[in-house]
Amino acid sequence: MNVSGIDQPMDSGHGPRNGDTRLAICLSNYHFDALDRIAIFGGLILMTDLRLLGLAMTDVPVATMIRHLRPWKWLGFVIMVTCGILLAISKMSAYYANPYFLAKLSLLALVGVHALVFRPLVYKNPENIDAAPKLPAVARLAGALSLLLWLSIPILGRMIAYYEPPTTSSNAIAAPTLIAAQR
Amino acid sequence: MLLAAYDPSTNPINIYGWAFPFLECVHIPSFALSIGTIALVDVRLLGLGLQRQAPAQLVKDTSAFTLAGLITVIVSGVLLFSTDPLHYYYNSAFRFKVICLVLGIVFNFTIHRKVALNTDSSVTASRLAGAASLLIWVCVVFGGVFYSFY
Numbered sequence: 007m008n009v010s011g012i013d014q015p016m017d018s019g020h021g022p023r024n025g026d027t028r029l030a031i032c033l034s035n036y037h038f039d040a041l042d043r044i045a046i047f048g049g050l051i052l053m054t055d056l057r058l059l060g061l062a063m064t065d066v067p068v069a070t071m072i073r074h075l076r077p078w079k080w081l082g083f084v085i086m087v088t089c090g091i092l093l094a095i096s097k098m099s100a101y102y103a104n105p106y107f108l109a110k111l112s113l114l115a116l117v118g119v120h121a122l123v124f125r126p127l128v129y130k131n132p133e134n135i136d137a138a139p140k141l142p143a144v145a146r147l148a149g150a151l152s153l154l155l156w157l158s159i160p161i162l163g164r165m166i167a168y169y170e171p172p173t174t175s176s177n178a179i180a181a182p183t184l185i186a187a188q189r
Numbered sequence: 003m004l005l006a007a008y009d010p011s012t013n014p015i016n017i018y019g020w021a022f023p024f025l026e027c028v029h030i031p032s033f034a035l036s037i038g039t040i041a042l043v044d045v046r047l048l049g050l051g052l053q054r055q056a057p058a059q060l061v062k063d064t065s066a067f068t069l070a071g072l073i074t075v076i077v078s079g080v081l082l083f084s085t086d087p088l089h090y091y092y093n094s095a096f097r098f099k100v101i102c103l104v105l106g107i108v109f110n111f112t113i114h115r116k117v118a119l120n121t122d123s124s125v126t127a128s129r130l131a132g133a134a135s136l137l138i139w140v141c142v143v144f145g146g147v148f149y150s151f152y
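Residue numbers (my numbering), protein chains in the order written: chain A, 7 to 189; chain B, 3 to 152.
Don't read these hints as lab results, they were simulated from the structure. Wrong hints could be hidden among the right ones.
[Claimed, not checked] For lysine-lysine, the following PhoX-like pairs were computed, each having C-alpha atoms within a straight-line distance of at most 25 Å:
#1 A:K130 / A:K79
#2 A:K140 / B:K116
#3 A:K79 / B:K62
#4 A:K130 / A:K140
#5 B:K62 / B:K116
[As the list claims (entries may be wrong)] What follows is a set of in silico ranges between Cβ atoms, one per label pair, in the way DEER data are often shown:
#6 A:A121 / B:W20: 29 to 35 Å
#7 B:K116 / A:Y102: 38 to 44 Å
#8 A:I95 / B:I73: 35 to 41 Å
#9 B:I101 / A:A115: 36 to 42 Å
#10 B:I113 / A:V84: 26 to 32 Å
From the three backbone atoms N, C-alpha and C, an ideal C-beta is built for every residue, glycine too.
Model the full structure from these sequences, guided by the hints.
Following this line, the structure appears as structure tokens:
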């Protein structure tokens with residue numbers, strides 16, 4: 007993870023800061039990240055992935071997990087995407103210049119690729135997984151990759167708030183001023 | 003007051019620039035895990051999914067994950083709180099969140115658990131418990147999002 011973008015505004019200037027500077031950065035308008043709202047739905051994805059890996063809820067069939075939780079995940083996904091688009095277009099130029107935002111969008115695109123690849127292999131006929139004597143490697147792979155993607159996306163989403171454009175990062179008072187101007 | 007004597011600038015989390023975002027990155031997946039596993043039981047209690055599994059079985063399957071998530075989320079949350087306690091303490095959205103969180107934890111380990119584990123629970127009781135649980139946990143997350151607006 008590239009932390010240099012975070013360290014610069016914190017460490018430049020007068021050494022240790024009090025909480026105000028950090029809060030000013032957290033209070034920036036980036037903070038209202040749509041991913042905060044998928045907590046419940048994110049947890050459902052997490053549990054399905056852990057089930058595919060054979061690490062949780064092994065007495066519940068994979069087919070039940072996938073089929074019964076699917077509408078809830080779709081609901082969460084639709085809410086997340088709607089809020090995300092609305093938030094992104096409200097400050098598109100700022101988001102567009104933010105590498106964490108671009109990285110997050112790329113990972114969301116990879117979620118689509120994941121679905122395209124693993125839907126015919128795993129999610130379309132989950133009964134086959136339950137019928138197999140052992141959890142198939144492809145199911146474990148689908149679970150592991152999904153877990154990796156869905157853990158990285160909120161992390162990148164959170165990092166968006168910590169990115170300082172290069173022109174202001176060398177200026178110790180730039181961050182609070184910028185935030186004051188945004189209010 | 004105890005907090006008045008505390009100087010946040012001596013807090014290591016404020017000294018190291020990466021510490022706060024790192025803790026946030028721990029905080030967010032942990033609450034997804036804890037609230038998500040509780041929501042899974044709620045979906046069942048509401049009768050909206052996983053009907054072939056008994057609620058008691060789902061509680062048994064998820065409780066370790068719920069507990070692990072709650073412990074991590076609380077530890078990381080307390081550390082995040084320590085970066086500027088006074089600001090959080092006087093923030094009404096933060097207070098709302100903490101009240102909902104305490105309510106949620108108490109509800110989860112008392113009524114919610116009892117209804118889910120009891121095989122004789124009525125449909126109405128199950129639905130009420132599931133709906134109340136979802137509502138409380140959604141409020142916790144909303145409180146968390148909204149304290150940056152106060």
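Each hint tested on the structure:
no., hint, in the structure
1, A:K130 / A:K79, "15 Å, holds"
2, A:K140 / B:K116, "35 Å, violated"
3, A:K79 / B:K62, "22 Å, holds"
4, A:K130 / A:K140, "18 Å, holds"
5, B:K62 / B:K116, "12 Å, holds"
6, A:A121 / B:W20: 29 to 35 Å, "33 Å, holds"
7, B:K116 / A:Y102: 38 to 44 Å, "51 Å, violated"
8, A:I95 / B:I73: 35 to 41 Å, "38 Å, holds"
9, B:I101 / A:A115: 36 to 42 Å, "40 Å, holds"
10, B:I113 / A:V84: 26 to 32 Å, "31 Å, holds"
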